[in-house]
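2 protein chains.
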Amino acid sequence: MRIAVDAVGGDHGSAVVVAGAIDGARRFGVELLLAGPEAEVRQALSSCNTSGLDVIVADAPQIIGMEEQPAQAVRRKPRSAIAVALDAVKDGRATALVSAGHSGAVMAGALQKLGRIHGIDRPAIAGYLPSMKGKTLVLDLGAVTDPRPHHLVQFAQMGTIYIERAFGVARPTVGLLSNGVEPSKGNQLVQETFPLLAAAPGIDFHGNVEGNDITRGVVDVVVTDGFTGNVALKTAEGAAALINETMRRRLTSSIVRKALAGLLYPAFREVRKDLDYAEQGGAPLLGIDGVVIISHGRSNERAIASAVGVAKQSAEGDVPGTIARLMAMLEPSTESVAAG
Amino acid sequence: MRIAVDAVGGDHGSAVVVAGAIDGARRFGVELLLAGPEAEVRQALSSCNTSGLDVIVADAPQIIGMEEQPAQAVRRKPRSAIAVALDAVKDGRATALVSAGHSGAVMAGALQKLGRIHGIDRPAIAGYLPSMKGKTLVLDLGAVTDPRPHHLVQFAQMGTIYIERAFGVARPTVGLLSNGVEPSKGNQLVQETFPLLAAAPGIDFHGNVEGNDITRGVVDVVVTDGFTGNVALKTAEGAAALINETMRRRLTSSIVRKALAGLLYPAFREVRKDLDYAEQGGAPLLGIDGVVIISHGRSNERAIASAVGVAKQSAEGDVPGTIARLMAMLEPSTESVAAG
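Protein sequence lines, in the order shown, are assigned to chains A and B.
Per my numbering, numbering of the first sequence is gapless, rising by one per residue and ending at 340.
Per my numbering, numbering of the second sequence is gapless, rising by one per residue and ending at 340.
These are calculated hints, taken from the structure and not from any lab test.
Each hint should be verified, as a subset may be incorrect.
Any copy, or any two copies together, can satisfy a pair, since identical chains are not distinguished.
[Claimed, not checked] List time: in silico DSS-like cross-link candidates among lysine-lysine, alpha-carbon distance up to 27 Å:
| # | residue 1 | residue 2 |
| --- | --- | --- |
| 1 | Lys258 | Lys90 |
| 2 | Lys133 | Lys90 |
| 3 | Lys133 | Lys185 |
| 4 | Lys133 | Lys258 |
| 5 | Lys273 | Lys258 |
| 6 | Lys273 | Lys90 |
| 7 | Lys90 | Lys185 |
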């Protein structure tokens, strides 16, 4: 299986992405297609140990800037890394895409080149947050800011299939993010979605969950609109950053504290690893007819390597095909009910 | 100045609330009116040092359960602590209310007994989150789940007045919570609100802010709908709880680590204090024609004491009157523009 990687996407530049991709290829036993300006990618590769690996470089000299309008950018720059890598997935030279680049451009490009799964109205970005019980999948994280209730039902179905097929979670439970656990709580969208989720096939609906239930690990999948999901994810990141900074300040406020904290460094490193988003892997764009994994722009080597693993597991579990089969199964049954 | 306190509100019972209120009365130099079942309140008072304090008890034998429909409960139970305390504020026997009870019932009761400020369509709950620069006011935290754009403008104006008048913040800046900083980002509500905030009188609008900007302290006031605000607040609390639990586990995983962590206990206590919501005080219900401070149900003594201080500062700064004056100033000018 060959994974296409957008070698120039991400805040840390191609050296980090290429090194992470090579690491991922070795860890997960996959081949790579690295898309980016050829000289730059080969330069990054020259610092890596690629012995025994099957790596091809696809020249993609055009660069998409963060300020560009996504859909236009992908159309106007067919030789950008995102476009070249997606073409490789489309024509079968690669099985999946991993990109830490402009997430809007990845979404727009995936829609243009791979298309939506039949029956899915809006693809969603699904990402893991760490929890007391391991991790919780949250979707959508920003693809659809104003979904309709039936979009959230599809998010629940896609999230369920994703963690069943890619991570082997048996009978995952789904919660609807709200401002209270009672069925009467929520904004209008949530109140309209609740009965639809309660009746939806293909999911095990637990009911409403609150913001703190995400990290408590009350359910396996938390469904929300892309606006709220994005705000919640970033607020959690912000809380973690504040705690981290406050700890750092208080633990270095004297020589003695600094020394004691230094002795506890292994424990702090373990905490960081337990909670590191890099260990949680990339975020799949679910609903696209193909495997597309979006990595955080801030991804380090480990995060990219992990995203390569997520791409492999998603492809092996045939996540897009399974979503397509559920949608196909639901569609005729809806029609026959209507006809009957 | 006498502060009315709902002596039976809160998860920890009347002993904690009464002790916190007494502590607050002493710290901030105010008188108290404690509303609750008289025997229970006097029992709680008997464990406190009340020498030199002016404390009266208002008997309120009826209890509002957490499962009761708020507006009905306050109407049907005129001798509940919330109703009795609000009556005291209404007829001038007390200047402000502090309650850690059923927040829905506090809101419903405040609307029934004190009413909205003329010109304010929807009262909002405003609360502080800790930030790198001290603290950030966020509103709404759950009163209005589906506001209209002009409600968010009023939230911005009320939040600005609150921290100017109660906390002496000079020229506070306002951010609109969104899924990206660009003006084009946001759900439909945010996109429609952005130009209104940019043109609104009485505020210094900074633009869109993201979830992590709350704890970064990019602005003084973050405005959002009550659904998103509630989810963001609880998600931040959940992230903090997860980090706390992970730290505890890793720092106690061996005898040596436990001993070292024990020596660092003062530092950890400082961190906890830096980030403790109890230090941030209660959350005012802004837009009500009176000072009403909602405390977290989980409030400990320190949180209740702090809320008494917030009540005093809000009353001294005449937050409701200042909001009323801004609304009165805006209304005729809007009409004259319409007439012109």
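Inset, instruction - List in ascending order the numbers of the hints, as given earlier, that are violated by the structure. - result: 1, 2, 6 and 7
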